[in-house]
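Residue-level listing of the chains:
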Amino acid sequence: MSTAYAPAGTPTAGRPTARRRPSATRAWLQWLLRRLGLAVLTLLAVSLLVFLATSALGDPVRAILGRDYAVSPERVEQLRQTLHLDQHPVQRYLTWLVDLLTGHLGVSAVNGLPVAELIGGPVLNSAFLVLIVAVLMIPLALGLALIQARTRGSWLDNTISGINLALAGVPEFVTGILLVALFSTSVFRLLPAVTVIPPGQMAWNRPSSMILPVATLVLAIVPYLARILRANLGEAMDSDYAELARLKGIPENRVVLRHVLPNTLVPTIQVTALQLAWLLGGVVLVEYLFNYPGIGALLVDSVRNSDFPVVQALTMLIAAAYVVVNLIADALSILFTPRARTGMVA
Amino acid sequence: MSTVDAAAAAADEAAVAQTVGLRVELTRSGIDVVDDLNLDLYPGHILGLVGESGSGKTTAGTALLGYARTGATIAGGRITVAGHDIRSLSPARVRSIRGVTIGYVPQDPNSALNPAIRIGDQLRELLDQHRIGTPAERTARIAEIMPAVGLPGDPAFLRRYPHQLSGGQVQRVALAMVFLPRPQVLVLDEPTTGLDVTTQAMVLSSLKELCADFSVAALYVTHDLAVVATIADRVAVMYAGRLVEMGPTQELFRAPAHPYTRALLQSIPHLHRPYRLTGIPGRTPSPGNRPSGCRFNDRCELAEDACRAEEPQPVAVKTDHWSRCRRTDALGPWDPDSRAGQDTDPDRERSVVLTVTDLNIFHGRNQVVHDVSFDLAAPEVVALVGESGSGKTTISRAVAGLHTQRTGSLHLQTDPTGEPAELARSARNRTAAQRQAVQYIFQNPYQSLNPRRTVEQILVRPLEIFGIASGRAARERAAELLDSVQLGEGLLRLRTNRLSGGERQRVAIARALACRPRVLVCDEVTSALDVSIQGSITELLTRIKNKHGIGMLFVTHDLALVRTIADRVLVLNRGRVVESGLVAQVLDHPRDPYTQSLIAHTPTLTGAFDASGSA
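Line by line, the protein sequences are chains A and B. The working numbering puts the first residue of the first sequence at 1, with every later residue one more than the last. The working numbering puts the first residue of the second sequence at 1001, with every later residue one more than the last.
Just so you know, these hints were derived from the structure itself, not from any lab. Glycine included, C-beta positions come from ideal geometry on N, C-alpha and C. Any given hint could turn out to be false.
[Stated by the list, open to error] Which residues of chain B face chain A? A few of them, derived with a C-beta cut under 10 angstroms, are: (1) Asn1038; (2) Tyr1042; (3) Thr1062; (4) Ile1074; (5) Gly1099; (6) Asn1114; (7) Arg1118; (8) Leu1126; (9) Thr1139; (10) Arg1141; (11) Ile1142; (12) Ser1409; (13) Gln1413.
[Unchecked claim] Coverage of chain A stretches by chain B, computed from C-beta distances (three or more under 8 angstroms per stretch; other residues unrestricted): (14) 137-146; (15) 179-185; (16) 247-255.
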């Protein structure tokens, strides 16, 4: 065997590993910086859009004052100043952006309360809702997908698939209404149909009122997630490496846990992130349906009242959450794909 | 009959693994994939199981481990491995035998090693699972086996992931894995497919040594007769789910006694002799479409009514060599050289159509081809030969104007009387006449034809684009084109997904011919096809070259194929031409060490005879 003519592409054995650690850190850092830079650019673009869109809502002063607009010019003038409407739009945008970056969210155009104070409660309520749904949806979807993948082609698999497909086809507000009919109004009267939270209390002080919103969202997301996971698992279970593991005498449960699952982790992360981002966007319909005091409901109210400082703050927050979730998902995907992880260093 | 039974009875005692009357069916329909399969494996011996795609050879291989893919079931017969009756054992007991007593080396190690697990952990998993030795012993064993397959066994190497190894290294990891628990029986499923010849030679020699050293009984499943001739002690030939012939390797290749085996051998090119390849008409029938009686009867020249009516029984040709054919007497003596042809006349006149000067090609910042110059006459076939990464496909793509990052010049003579003109880098910037004159046939006919179009649409399109014919004239021309690639007119209305691989490649050739090209670029056109189809496609290309006076650039990794089809050859190594000249000259008297190494590592049919010192 003439080694001089070893085929091209044969890596030389024993690549120096000592040098890898520091350069790996640097590669990650570079990646992170680049992605953060892109995230900032994305958010800047979003801020411009948000600003333009809220400007297009119409004259906020007229909307806020209603009939008073014509009779009290001094209040109009005062409001115009608080909202910086006397400034040039470009300057207004810059002022707003600087305020935003320095943590000044401004005051509500409707009731004069600081925006930060106004959105604090709903943001926490929504975050809590999303957290509960996320904690439930991932194991549920994965569990269902695993059961289906292990019993492929059986009646159980087909039944679950059928139910999943049906649920995935129903909009979440329909599911919500059906749940309300079933558990709160027509059939049983076990759970509250709407969330009533006394002032000063948070959603988690009323666990019973959270059940239906959580259930609705879980029923909306899990079928979709489970279907994608089931397809990924099925593909990995038919893969050559799973077959080889079986032919090595590895029991099926272990084949699934050790050989199949790690290879379906990345699609799982990506799909979950998409769903989470969707949830974070304020599940307007569901919050509205159950009168849940989250950002979705607040956003709808604020748009209706032309309270554009609140609209701007909330949209920016949602956009930021979207970007962060995706960034985390991408980092995790790289971390769990050996080829991508080692590729970072190369 | 009786001699066969007697031989089988005598063999029973020594065989460490055996299948008797094995039948594997499709679960839903009960149609057999493999039927009446009798195999015996002896310690230290390798049995080659040869067949084309769809013959059931892989199914037969995994059945030996008591495993059938989703959708198939082992339905009948007996499987014995080291004294265990596999079919009567519980699934848990079968699992405890798999990997330990009987190992499996997968077809494509790149997809068979788990991409998410470090190779050391994958090696260890088997020992952990079957509780072999103490943890320290397991580590020691892994460190010990790695050098035996020619890999470093240090922890840093074991911490790598499969994607960090080359194809040959991955295959050797798979070999190490299977030998780790010291199994008595091995099933190897085309373990060298997709490897370069040098790497293949390394893997085969490690394998042969390991089998001898550990006295393992191996079943080597492959479609490659030349590899089998190099490695196997005995050969079993499989066709449409049945064994058709079995015998000692030398004996079987010296006097093949089944028409199918003979036809297969006639489709194989030879490194040191230009053979006219014939191929086998028709296609391998899939399960459910297999004819009654002898399953080869519809493709067999010797078939008579009785062959269609009754199932042939194995007939002993010699001791230990049998053939499932009623007409072995009618076969006549076997002379492999009866199909020998002529090498290209070195003094023939050449009229050059394409001149390539100082071609340098880049992929981004990497230079992948260095200073390549050659010319191509018409009619003539110039072969570009090299291993993966040699730049052979890149050169052909640059000639066709598909790869544009290049320097150097290409000059093409678009019509026999005209002056050669420079070709632009991109096919887009070439004149219509130039584009028409250079046509490309791709490696994989499953991907190069639009599945949404009918054969007629595919053939009429280039005719219309280049204004050769239109309307009814174009449709008539399409039928003629199909005829020139030996396909019937009936195919015109079909979509390409209804065609077999060989038929698709013929359609792709017809599409190229539709343009009346001067230069045809053939990029590994036979490597996705079975050998019997490769034979007929090669024959077809040679006929087209002579009939239409076309110059062909034939890209391949198969040196033996070069001998049959090409007039001149360029041997490429890492983007440079290391040797070029007339095929006979280069293959019989290679001067460059790289060419010599390639030739030395190319498996040949005569490998079986060379090993014993005869022939």
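Right, here's what the structure says about each hint:
no.: 1; hint: Asn1038; verdict: 22 angstroms, violated
no.: 2; hint: Tyr1042; verdict: 22 angstroms, violated
no.: 3; hint: Thr1062; verdict: 7 angstroms, holds
no.: 4; hint: Ile1074; verdict: 14 angstroms, violated
no.: 5; hint: Gly1099; verdict: 4 angstroms, holds
no.: 6; hint: Asn1114; verdict: 4 angstroms, holds
no.: 7; hint: Arg1118; verdict: 8 angstroms, holds
no.: 8; hint: Leu1126; verdict: 5 angstroms, holds
no.: 9; hint: Thr1139; verdict: 18 angstroms, violated
no.: 10; hint: Arg1141; verdict: 15 angstroms, violated
no.: 11; hint: Ile1142; verdict: 15 angstroms, violated
no.: 12; hint: Ser1409; verdict: 26 angstroms, violated
no.: 13; hint: Gln1413; verdict: 34 angstroms, violated
no.: 14; hint: 137-146; verdict: violated (count 0)
no.: 15; hint: 179-185; verdict: violated (count 0)
no.: 16; hint: 247-255; verdict: holds (count 6)
In this structure, the hints that do not hold are numbers 1, 2, 4, 9, 10, 11, 12, 13, 14 and 15, in rising order.
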